[in-house]
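Enquirer: Chain by chain, the residues run as shown.
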Amino acid sequence: MKNKDLVCDTSSFISLTSSCLLEILYFFAEKCKVRFIIPPGVEDEAILYPMSKGIKKYLFSAIRMKDAINDGVVTRVEKEGTVSEAELIMKLANNLFYMRGRPVTLIQRGESEMLALALELDVRNILVDERTTRLLIESPFKLKEHMEEEFGVNVMVNRRNMEELSKRIGNMNVIRSSELVILAYEYGFFNKYQNMEKAALEAALYRIKFAGCSISFEDIEQCLNQVK
Amino acid sequence: MNTLDSFKQLVFSLLQQFKKRNEKQLRHLKDSFLKEATLKTSKLYFEIAVIAYVLSKITSKPRLMGREYQSELLRIEKSLAEFASGVGKYDDATLLRLLKNVEENVNALERLDQRFFRDLVSKGRMKLAATMYAQGVSLGVASEISGIEKQEIQEYAGNTMMFDRVKEEVSIGERIKKARKMLGE
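First to last, the protein sequences are chains A and B. Residues 1084 to 1311, numbered by the numbering used here, are exactly what the first sequence covers, in order. Residues 50 to 234, numbered by the numbering used here, are exactly what the second sequence covers, in order.
Treat the hints as calculated values from the structure; they're not laboratory data. The beta carbon of each residue, even a glycine, is placed where N, CA and C say it ideally should be. Misleading hints may appear alongside valid ones.
Said to hold, decoys possible - A partial selection of chain A residues facing chain B, derived with a Cβ cut-off under 10 Å:
no., residue
1, Leu1131
2, Glu1221
3, Lys1225
4, Val1236
5, Met1239
6, Val1240
7, Ser1261
8, Ile1265
All chains should be modelled from the sequences, with the hints used to inform the complete structure.
Expert: As structure tokens, this is what we get:
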């Protein structure tokens, strides 16, 4: 197991780039030797697709992420076994919940590929801002309850798939971009904002929330009360 | 009632409620189609939900109910009726093409009095994609069904209360501990 490796999904890159906080990856790569790893699918979604299609709104984010790869801060890793593992994860996750007798498609290739790569590399730490994948790993029954509430129907669980999936991904440590921002504060990333370090942390946390990192206002408040 | 019959009934109900300019019922229909889109992972249901949303928006605006818009409203009705009568006869790809005609007529109506940079149909697609994500499917699935970029859905979701409505089982304190552990503390 590689302690300082962190496998990242597309959602965390979206939050970090649109909040202008990608520098935090450079900070941790240099200061703590953290290796940020992405599967090819993340590069496709976050970099190659907007660049090849010329999607102006996301071009600058894509360029900055590409630059982070070129600088060696983010490493793209392709592993042979990832494809079949991703297929299996997707099959298990998408046949986990049943509503009105039908299996619910919960995740797609990009998300399962990131999980598969973490398994293949034996990396337990993953950076995910997207809520569904995170709930699937940490508290699938919470996701079930949430869907029952939203759809007003009973959600049946395929227990065998639940066990299989849990064996694979249940012990992963999910970190969001917000936690990286908090640690960055503790490690001095915001020291450049003299006398405004804590205000900068607060602003960065709200910015990352509004960029779509799945953190609640309550969590932000709690965190700000805890940090010095 | 089999699936096709209930689908047909929902689609004809959409046409009837638009003819009655019933905003509330159109919104209910939008919810029904969207739920089916998630349950069936269906692009067709999603697009009908978008049209139901857009029609509810149109009927909610008194300015668009004026005489000067009547011919455009009738065109929308006509294309919607063509779509409805195609249900059960055509495959999803053909139905999606017929639905595109409704979308074009909506756009034509909007062009007569354009007020926003983003048109109603695109706005509807974005909002409903974010709703799917909020309801429980992943960002990737919402993006795949809606055809909207992950970035767009994520940013939209970030400006809603969706992350405040589900209480987390792992506290932020525990999460920070995990992150510290990763750094070797």
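Enquirer: Does each hint fit the structure? Answer for all of them.
Expert: Each hint tested on the structure:
1. With a cut of 10 Å, the hint placing Leu1131(A) at the interface with chain B is violated, because the nearest CB-to-CB distance is about 13 Å.
2. The criterion of a C-beta within 10 Å of any C-beta in chain B is met by Glu1221(A), whose closest approach is roughly 5 Å, and the hint holds.
3. Annotation: Lys1225(A) was flagged as interfacial toward chain B, and the flag holds, the nearest CB pair being 6 Å apart, inside 10 Å.
4. Among the interface hints, the one on Val1236(A) holds; its C-beta lies about 9 Å from the nearest C-beta in chain B, closer than the 10 Å criterion.
5. Residue-level restraint check for Met1239(A) is violated (minimum Cβ-Cβ distance to chain B is 13 Å; threshold 10 Å).
6. For Val1240(A), the suggested interface contact is broken, since its CB lies about 14 Å from the closest CB of chain B, more than 10 Å.
7. Interface restraint check for Ser1261(A): the shortest CB-CB distance to chain B comes to about 8 Å, inside 10 Å, so the restraint holds.
8. A hinted interface residue such as Ile1265(A) counts as satisfied when its beta carbon comes closer than 10 Å to some beta carbon of chain B; here the least separation is about 6 Å, so the hint holds.
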